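**Q** Residue numbers (this note's numbering), protein chains in the order written: chain X, 1 to 261; chain P, 262 to 537; chain F, 538 to 800.
Derived by calculation from the structure, the hints in this document are not laboratory data. This structure is a prediction, so every number in the text was calculated from the model and none was measured. Idealized CB from N, CA, C, for every residue including glycine. Warning: the hint list may mix true and false statements.
Said to hold, decoys possible - For the chain F half of the interface with chain X, some residues (derived, Cβ under 7 Å), not all of them:
1. 613
2. 615
3. 619
4. 625
5. 629
6. 639
7. 642
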Amino acid sequence: MEALLNVYQQQRKWMNAILGIAIVTVFWMFANWQVNSELFFVGPWRVVTYTYGLFASGEILDDLRISGIEFFWGYGVAAVAGIGFGMVFGISRIFREFFDPWLSAIYATPSVALAPLIIIWFGVDLTAKIVIVLITAVVPIVLNTYTGVLSVGKEFQTLANSFCVPQRQILYKILIPGSLPYIVTGLRLGISRGIVGVVVGEYFGAYAGLGYQLFKGLDTFNMPLMMSCAAMLAGTGVIFNQVILVIERRMAPWRDTQLQE
Amino acid sequence: MSKIQDVPLEETQDSSFVASVKTVYNRHRIGINFCLSVVLALLTWEFIDFVFDDPDFFTGPVAVALEFGVLIYEPRFWENINYSGTELIYGFGLAMILGVVIGAAVAFSRTLDEMFSPILVGLYATPRSVAAPLFIIWLGLGIASKVGVITLASVFPVIINTQAGIKNVQGEFRMLGRAFNISFWAMLTKIIVPGSLPFLIAGLRLGYSRSVVTIMVAELFGAEAGIGYMIDHATQTFHVAEMMVGISLLTIMGIAGNEILKGVERWATPYRKTLV
Amino acid sequence: MSSSIQVEQVHKTFMKPTGETVHAVGGVDMDLRPGTFYSFVGPSGCGKTTLLHMIHGLLPPTRGRILLDGTEVAGPTPNKAVVFQQALLLPWRNVTDNIKFGLENDSTKTATERLEICDKYTQIVGLRGFESHYPHELSGGMQQRVNLARALAVDPEILLMDEPFASLDAQTRLLMQEELQRMIDWKNSGKIVVFVTHDIEEAVFLSDVVFCFSFRPGTIMKEIKVPFPTPRTLRVKEEPEFLQIKHDIWELLADEARKAMEE
Chain X
1 MEALLNVYQQ
11 QRKWMNAILG
21 IAIVTVFWMF
31 ANWQVNSELF
41 FVGPWRVVTY
51 TYGLFASGEI
61 LDDLRISGIE
71 FFWGYGVAAV
81 AGIGFGMVFG
91 ISRIFREFFD
101 PWLSAIYATP
111 SVALAPLIII
121 WFGVDLTAKI
131 VIVLITAVVP
141 IVLNTYTGVL
151 SVGKEFQTLA
161 NSFCVPQRQI
171 LYKILIPGSL
181 PYIVTGLRLG
191 ISRGIVGVVV
201 GEYFGAYAGL
211 GYQLFKGLDT
221 FNMPLMMSCA
231 AMLAGTGVIF
241 NQVILVIERR
251 MAPWRDTQLQ
261 E
Chain P
262 MSKIQDVPLE
272 ETQDSSFVAS
282 VKTVYNRHRI
292 GINFCLSVVL
302 ALLTWEFIDF
312 VFDDPDFFTG
322 PVAVALEFGV
332 LIYEPRFWEN
342 INYSGTELIY
352 GFGLAMILGV
362 VIGAAVAFSR
372 TLDEMFSPIL
382 VGLYATPRSV
392 AAPLFIIWLG
402 LGIASKVGVI
412 TLASVFPVII
422 NTQAGIKNVQ
432 GEFRMLGRAF
442 NISFWAMLTK
452 IIVPGSLPFL
462 IAGLRLGYSR
472 SVVTIMVAEL
482 FGAEAGIGYM
492 IDHATQTFHV
502 AEMMVGISLL
512 TIMGIAGNEI
522 LKGVERWATP
532 YRKTLV
Chain F
538 MSSSIQVEQV
548 HKTFMKPTGE
558 TVHAVGGVDM
568 DLRPGTFYSF
578 VGPSGCGKTT
588 LLHMIHGLLP
598 PTRGRILLDG
608 TEVAGPTPNK
618 AVVFQQALLL
628 PWRNVTDNIK
638 FGLENDSTKT
648 ATERLEICDK
658 YTQIVGLRGF
668 ESHYPHELSG
678 GMQQRVNLAR
688 ALAVDPEILL
698 MDEPFASLDA
708 QTRLLMQEEL
718 QRMIDWKNSG
728 KIVVFVTHDI
738 EEAVFLSDVV
748 FCFSFRPGTI
758 MKEIKVPFPT
768 PRTLRVKEEP
778 EFLQIKHDIW
788 ELLADEARKA
798 MEE
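Chain X on its own, in the form it takes in the complex:
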């Protein structure tokens, strides 16, 4: 008993994390047992087996591919454009002061609300969905890059000036590495928004995709399908988030990362 307690004391962080997940799972199973109707609720094990079934039969692969393409292009363009614009906003005072009200408006506008407009402008094909992902994911990336550049601080600018660093080099010697933690935060926030963008985009006349499957589940009262899709979408968010964190730790070993929004 004492040995057991000892192990717990030494590994308490891990033990407690596992215990936490166990508690949630048991609670979930209990709720499922209480509801006892697949129309309304599905237990964790059923979600796993159902998801496995989707993969085993291969019927979800096409949906994954379509949603993947939408996310890849939408998020990719959002990352490049977002960092680019954020840099420009941060660097140029004229630009910043001039477009600041626009930025505030962009910040305040729920970008998914623009999705219907995008559909009207671009039709219901893949382009429109990519654009929807783009506009939902780009906002936090722009804003965080911009804040990051501003956070680098005048004193480093002075440092560069005093050592006669050419203006062009200030960008990659000071501004980009200095704002990197913020850019990473923006990229992380952009992921979950981009995934919401995928789902919202597929609400409007899609033929495949994880979001499409989610709505099919809603229309046909297929609870296992819905929960499986929701779990996959959520899992994607967690995985991409971790990937970015790992990349950051590789690229920026000088910095302790912490979650911020």
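On the provided structure of chain X, position chains P and F as indicated by the hints.
**A** Chains P and F in isolation, oriented as in the chain X frame:
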């Protein structure tokens, strides 16, 4: 040490006319640039409308304003606003209460922190509003399902910021409290609450902006009324002006709430320098 | 390579955002000779850092002019280097790369030469073994050594130091004062060193010449030559003549410091 010698501000100018115009501009440059920017935005918007000249495709600010003028006489319009407003108040209110309670719980109890923080941080990274269709099945097409989704979407920033705020204050001032030998209650009211307030309000602002976004997502997937419902309905009938009115309403809700919270922040923490 | 600097009737006026003007430097003349260590000492807000920035070229004077070898200073040039009050090390660069920061702009040197120079100054400031450490892994004193090495690495003719020891603890500060003389070696290399501080003892200990500044608008109240030969050891601080100089300067500055405090 005085800041003046370190931060060179505007140089003093000669007093020619150009220079005095420059000085005026420099002193009010933020305001002047703001006005120019807004005017330019509206003109660009109207110009694009002029170029397309197709009300089923794009509408300018004038057309949107006119549409707004028409809509305010329709009771349905106010019903939609009322509906979304109710969702927002209940959803965000619930997120606020739950967020502070859960955040405080994981901040004060190390065991709870170790058990649930990994899950909370994991969920924070997920697109939570995609659960909207699930909520429709569980809670129906009415307000309840929207409140559920909005709460789920906006509670996490509140939790995380509350926790961070309390931990930050505890780390910094616990020794001070000990040194003056004050009671737990005094510690709570005199140190922890005021000290974590700025974090909490930052969390509320993030949560609020999530709430407004989620109104749209939640209503899109099935609703009886609301601004998102109105936008979705207008999309199906290609009524672009009405869509833009809806989008503007959500934007206004976003800005208004954010400004209110900023006001609360200034009122509650006047000792902090306002961020630019 | 020995340059000289003439400061002629230099004034500097700032405008606050409120529109109020601040007369920071009020008519300073000085003549700085190579191979000499100068200190600017004076109360907070006497414009000594502003003057340093103007000599460096980061700020233009409002009136008057500053000549470097007969030509007016228009901006920072590679023959001037500054040691900042805060170490201002780039957090994403390790010690070697931080020292290399200024050298990277000298296109006449190859990569190997740069590394050799970095190595030399790492040795001089006593950071051997810490080359691959990041700034957050260094103590305040070590960070200031990197700050100094970065400036020395470009081998400047004019070395400008803006209260570089202000953030160090008292003991580290004493040791750094002693070591600084060896690290810079201005007598042999013919450098001009300008050292801004409000620690009178530090100024007297390090300098060949001390300029005493009045409160705003900053003007030179007195120019004091310190007779002790360099390099000095901390023992010097106990000699009666040293104490006398220190005492005289304090007599001169006390009223000005009081004005600064009441500001």
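**Q** Hint numbers the structure violates, sorted upward?
**A** The structure breaks none of the hints.
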